[in-house]
Each structure stands twice: as C-alpha cells, then as structure tokens.
Amino acid sequence: MTHNEPLLRSEPSTNTFKVSRQAFIDPSILKRERERIFAACWLYLGHDSEIEKPGDFVTRSVGGRSIIFARDREGKARALLNSCPHRGAQVCRERSGNAKSFQCFYHGWVFGVDGQLRNQPGEDSYGKKFKSDSDSNMHQVPRFESYRGFNFICFDPDVVPLVDYLGNAREYLDLICDQSIEGLTVIGGMQEYAINANWKLLVENSIDGYHAMSTHATYLDYLKGTTGGLANMGLVGVGRDLGGGHAVIEYTAPWGRPVAQHIPMWGEDGKRELAVIRQKLEAQYGSERAERIAIKNRNLLIFPNLIVNDIMALTIRTFYPITESRMHVNAWAAGPREESEWARKYRLFNFLEFLGPGGFATPDDVEALEHCQRGYSTANELRWNDISKGMNREIPAMDDEEQMRAFWRHWNSLISANVTQGAAA
Amino acid sequence: MSQLAMKPNAGFGPAADIERLQIEDFLFHEADLLDRWRLPEWLDLFTETAVYHVPPTDIPAEASPDTNLFYIADDRFRLGERVKRLMKRTAHAEYPHSRTRRLITNVMITDRGADGLGVTCNFAVFRTKDGASVTFFGQAIYRLVIRQGSLLIDNKRIVLDTPGLREQGRLSIIL
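Protein chains in written order, with the numbering used here: chain A, 650 to 1074; chain B, -2 to 172.
With the rest of the complex left out, here is chain B:
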C-alpha cells in the first residue's frame, strides 16, 4: 500500500539539500493518490496559491492562460472545486470513476531557489472507462516549495505531446 512507500511529508530542510530520490518519492506518492482517486488528500499536496495548468498543444508550452485558451487553468480555489466535483456521482464524465495508471519517469531537478525548486518529469497516464482505453503522455513541470518542512506543489503544468485531445477525447481526469 502507498502508506508503506510514503514517508510523512515533513522534515524537509532547505531546497539545496533535497535529493532527487526524495522528489521521486513525492511524485510517486502524488501519482498513487490520483490513481486511487484519493483526490482530497491529493489536494493537500498543493499550496494555497497553487495553480494547475494544461495548455493547448498548438501554442508554446509556456503560454499564459490570461491571454490564451487552455484546456485547464485552475487557481487553487477552482482546483478544490474540481476535486469536489469529481468526487460526486453527478460528475457524469467520471462516474463510475475511470481506472487510471500513471508512469512517472526521467525526474529532473531543473533549478533550486531559496524556498523551492523546479522539477520536470515525463509521464504516461493510461485511462480506462466503459471498455475503452486511452493514453495521455507528455511532460509535467512543477514548482515545488517547502512550507513548515513539508514539500508542496505551488505550480503544476502538464504539457501534452499529443495533438490536442484527438485520441483521448476529453480531459475529465486530473493529470
């Protein structure tokens, strides 16, 4: 079970001291919570100012959601609402819940600042619902910060490699 794998999210020192393996543990734990649909716990991994962005694939990956149409551009409030929605039976697109399986690889620390660090990883997310399976793949770009010794996500951006969502149809799960 995931509890075995995951040490308590506490006791993190300065960003300069964090090792890649600790980041991997964190990202594997995040993926595990999503695969188990433990979304309220997943939400606890985010800061109060966090954003979660999925840009479209016909514009540069670093584009701003203030001036471009994204697939998802949630601030922390709306991310919380997304979680609430997905936990309801009336979120028809995800009822019954689809099954998902995430592979997280090629984890890299891209920069270290005073209170946080940039991380990228490659991902593949397999989703099955109603007898049909699709795959999302691309790169996840994180800004992680340390707050009271806990590692938290302040920014998560999913950059899809596929041409839009032509193959997957829609993005009703969280990537």
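The following block holds chain A by itself, in its conformation from the complex:
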C-alpha cells in the first residue's frame, strides 16, 4: 500500500496528536523499520556482568541477527556475528557458557573467542595468506560500544558514537547506575516471552503512566490487600522528551523500592537496611541526588527498543518485531552488586509481583496490546490513534503522553523521510 497520507499528525493549535494505525499493521512499514531503525540505530546487546570472566559468552538475537556476546581471553568484550565466514552455519549453538574457542561443526573451523580463525581442516588446500585474511575470521559487529556496563551494537558503521546517541538519556541511565556504588549486575534467569502485537505498542506501554488504574486494577487491589505493602506516596511525576526518540517518566509511587523506599511489610530490619543504603548514597552523591535516586521511579526508553525501568525492581527489557503483529520480548532483573541477600530476595519478590509474563500486571498489559492489534482490523475505517494527553500542559505529567509523542516524532522523522539510494536515515 502507498502512503500518501502522513503517518503522524501533530496539531499544536488544537492540542491534538494522531498516529496512523497503518504504523502497526502495514508490512511495508516494518520493512522500512528494519532498514532505517534496526539496521541503523544503536541496539542493546547485553550487560558487562553477563560475561564477567574471559571465555564467558552468551548468544542472542539482536535486530534479527544471531550475535555472540563474549569476553575474549585478554578480557576484551566482543560482539561477533554468529555465522561461519566459510559457509554460514551458526558457529555457537549454545545459549551461554565459557569457551576456550568456538568451533563450527559443519567443516570444523576453529575460532578464538576473539573471532580469529585458529585452524581449519585441510589448511594446506588454502592459499598461504588465507589465514591472515580478516575475511577468514568470524566477523565483528560493525559497531560495538558500551556505556556504564550497558553494551550496544549497531550494524551501520557510520553511526554516531554511542555516547552521543544516548544524549540526554545518559542523565537517567546515570541515575539508575548510581543506585549502586559497586556497579549493577544482571541477576541470573532471563524471561523470554512473546506478544501478538506490533513492537511499538510495547514501547508505548512501557512508558505509559495513564493505564495503571484500569489495566492494573488487580495489582493495586493486591497492594492494598497486603499488610504494609504500601508507602504513603502518590503516583505523581513528569513525562519528558529527551530528544532522539528517547523519553522518560519520573515519578513517586506507593510501592516499595529496594533502593530505597521502605514499606512497612519489610519490617524493622528492612528499615535499617534501607537507611544504610540511603546514607551511603547521600555520602556519595549529596542528599538531593540521593533522594532522587532512591525515591523516584524511572521508566526510561532508549530509542528504539530498550526499556530500563527502575520501579519496584530494576528491569532491562528489549523486544523485536517478528512480524508486524508479533514481537519477542527479553527481560532481565538487575540490582546492585553489593546488595545483601535479604535485599536481593525482596527485589526479586517485588519484581515478580508486578513484572513478567507470570506477574500480577504484565499479563494484563500483554492482553491490552494484543487487543489493540486486533482492534486495528478496522484501521481502514478508524484510521488514527490519539496520543494527545497533556499537550495543553506546560509540564506534561507522568500520566500524560508527551513521552510517547517523543518516540513517535523521532520514529516518524526516520520512517517518513524520503530516502534515496536506500541509505539509512
């Protein structure tokens, strides 16, 4: 289908902002997203703590490509395309582990964890310089950079440096990382699930402060029903456009935070422990920043598809379109390295109360997104989504939709631009 009409309509004079429902259902738009977003933007690969020792590796799909994230024998982190340079077989077929080398089982080529070809059967049948030719090695992802332990890759060699790409989002990543003096670690166990909905519906949902009361009624009932499950804090805060498609909501909330908002359920021991965490944060960062780190919640979107939600627990979430109406989701829990056993246990308990495909809240989000996708069967007649909430406010609130408009404005600038020569935007 052709798009003579725009995908986005922003009308400040009437405080309205509309997104075309074609954005969620048209396969030709997904094709453009693959070219202009997933092949051109920085994408989250993994966290330093997942590959701590030399030889540690994990394999995962990023932007539709099979990637090995590994620490080589010299301790350098690597991002390798998981495909043999010889005839293409996936070299590493394990999900994670510790390796001295990677061997392609098809013809037996052996590579170092750094990707260098070490040997191949029948070496004397190849030219003398074959082994020193870089094309004979496993290929590194074109760009691979990290920021405070978060590793990103990009398939466009000409992309801006990661630190510039992150831009204003760094302020929030810094706040999240600063909750640990020794650094964050990703906790064992990964949630892998799927949603029958367009991936951008989860972008919106992950930073949506407007849906809590209706979608998550049972979660809020649960918190009210627990003894001491709530702090005396309202859901109050702001939504911000961070530029470059990045966005955040930052707010106070009534749930307990392992760093560091106490709830009565955690008892006197918990209170003491959280007080110590607060003192350490204050000593390190001063009282104002410590308060912001400890008490404020942050749902941070790093364009296009990395969510770092620092809420009742800390979750890292990324997701990819499989088709225009299905996505795969990966989610991890993270916490301070120095966290006590007690706090780690409560962090995980808290996480599962709300988050994940078996939690008391996320499954209802999933249901909502799937029913949005189903609702778009009427997109020829009912053509626009409304994302206007809060446009009439100078400072949009956390339950407005400015943070989603931030995503859509940038998305539209990439997708609707006329690109010649097939160059990435």
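Please note that the accuracy of each hint is not assured.
So the derived label-pair ranges between C-beta atoms look like this [what the hints assert, rightly or not]: (1) B:P57 x A:R742: 14 to 24 Å; (2) A:K780 x B:M105: 46 to 56 Å; (3) A:S863 x B:M84: 17 to 27 Å.
No wet-lab data here; the hints were simulated from the structure.
Backbone N, C-alpha and C define an ideal beta-carbon position, used for all residues, glycine too.
Use these hints to put chain B onto chain A, whose structure you have.
Just chain B now, with coordinates in the frame of chain A:
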C-alpha cells in the same frame, strides 16, 4: 463429574503406605480443579507453608528464586492472591477465562520421607483464548505431605521444556 472420581482427601496413613495410584488420583483431581477454574478449591490442596515456582528455562531447574529471576515464585500468601486475582473480571489477561485441558502422565514417586513424599510427573497443558491455542509442556515436581490424614502440596515446581515462553507468550494461567 470430578466428584465421582475423587474420593475424599482423608484417611491417608504414613507416606510409606501410599501407592502410586493414590497419587495419580490426587494429581488428576488437582488438574481437574484447574481445568474447571475451581481455583479456591485448588488452593485448599496446599499447605500453609507451600510454594509454587516456575523457573526460567536458561538456568538449572533446581535454581533458587532468592537469587534468580523466575517466571513465578509464589509463597502461600501470594499464591492465594494469585487465585483471588484470577477470579476477578479485572484480571484482564484471563477474562474471559481461557479454556485449558491438562494431561498428567508418567507419575513417579521419587522419594518417601517420614511425613511426605517426592513426586514427579510429565504434563501437557493446552490453553485456548480468543481463538488461539498454545501448549505448555514439561515436568512437575511436587513435595506432598500428609496433614491430619489429608494429602497436601507443600511444594510445586513447574519445569518447562520449551525455550522460555516464546511460543505461549505468557503464563497467566496456573500450570
């Protein structure tokens, strides 16, 4: 109806005397209650200290939920809250309720202690909602105990064989 099949959950003697067929009856009854969405009755099959765990599939099946991110790690309180939630119309993920059908096979008694026994079985759970069907399959690992002559679940761990929940999407039903 299930009432016909299920004898009263009473009169169980020492763990040493319990036969596999009695365990099968118990597990079939449990599955039947879940398939009929009789969740409060299902909850009565659990002890006051019971836990219900579903670990992720990228770490060892015996991992601890205190140090690893699970799909579900309910203590008895939260399991009760899960049941309450699922019985509400506002549990959107399961409203209207999905239809489920459970197959329980290969029941084995793995150990017998003074007041209880370890049991494993294979399961397949089919779920249909909104015209789409998915299958959960794997092994269920139980710790069953005898309390005042009744057989009760003290620990239930669901070990999925699938790579996470990629095919099933989510885990909004009880397995």
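Note to self: So, against the hints stated earlier in the document, which numbers end up violated here?
What the structure shows: none
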